[in-house]
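Asks: Sequence:
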Amino acid sequence: GKTTLTRLINRIFDTSNGRVLIDGIDVRDWNLESLRSQISTIEQDVFLFSRTLAENIAFGQAAATREEIEAAAQEAQAHDFIMSFKDGYETEVGERGVMLSGGQRQRIAIARAFLTNPRILILDDSTSAIDSATEDKIQQAMRRISQERTTFLITHRLSQIRWADRILVLKHGELVDQGTHEELLARSQDYQRIFARYDA
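Counting from 1, one number per residue, gives the positions in the sequence shown under the working numbering.
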């Protein structure tokens with residue numbers, strides 16, 4: 001349900017009922033390439049190429065300078081761990097190079113999103129498999145990248161959504177409530193149950 005909703009936005013799927021609007025325009029009326037160029041998605045399983053860290057951050061942005069790549073990595077809380085490798089940004093990833101942890105891959109993906117500067121950002125359960133210390137770093141990066149753009153955050157971790165402008169509560173694939181964290185905590189039994197489980 002949750003992931004399917006976001007895939008309607010970038011038209012991986014098309015809706016059979018109703019409409020999905022961006023800036024008041026049905027996504028089916030957008031040029032597909034133009035639509036997707038304005039949307040960046042970061043999922044739980046980040047795919048990285050067997051290339052350097054710099055090339056992975058700059059993927060799709062051939063004209064990016066080293067300064068821009070490093071600035072994006074700084075924003076994504078990735079610069080320090082990149083510089084801990086002997087070859088820094090020229091470190092090879094994958095079979096011929098270093099194997100990155102889940103949290104490190106997430107931060108490379110967030111750096112890539114900073115560099116592409118999308119109008120719409122989709123973060124799909126992207127921190128579900130990482131430890132809390134790494135999550136704190138990614139949270140900082142996500143708050144930064146969410147500024148001045150529309151961001152969809154799909155998560156089971158309530159610590160990540162308290163700061164959202166609007167929270168949608170889905171149950172069995174249906175929207176059952178929406179509002180701020182405080183509003184939902186005051187009136188939504190479904191949200192209260194989720195929060196009680198989280199707090200326990």
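If you are wondering where the hints come from, they were derived from the structure by calculation, not from laboratory data.
Virtual Cβ for every residue (Gly too), placed ideally from N, Cα, C.
Incorrect hints may appear among the rest.
Each pair of labels, with its calculated beta carbon distance range [stated by the list, open to error]:
hint : residue 1 : residue 2 : range
1    : L175      : E67       : 18 to 28 angstroms
2    : D136      : V169      : 40 to 50 angstroms
3    : E174      : E90       : 41 to 51 angstroms
4    : Q192      : S34       : 25 to 35 angstroms
5    : E90       : R11       : 30 to 40 angstroms
6    : G179      : R51       : 29 to 39 angstroms
7    : G18       : A133      : 34 to 44 angstroms
Asks: Evaluate each hint against the coordinates.
Replies: So, going through the hints one by one against the coordinates:
1. L175 <-> E67: 18 to 28 angstroms: violated, 43 angstroms
2. D136 <-> V169: 40 to 50 angstroms: violated, 25 angstroms
3. E174 <-> E90: 41 to 51 angstroms: holds, 49 angstroms
4. Q192 <-> S34: 25 to 35 angstroms: violated, 42 angstroms
5. E90 <-> R11: 30 to 40 angstroms: holds, 36 angstroms
6. G179 <-> R51: 29 to 39 angstroms: About 44 angstroms separates the Cβ atoms of G179 and R51, which means 29 to 39 angstroms is violated.
7. G18 <-> A133: 34 to 44 angstroms: At 42 angstroms between Cβs, range holds.
Violated hints for the displayed structure, listed by number in ascending order: 1, 2, 4, 6.
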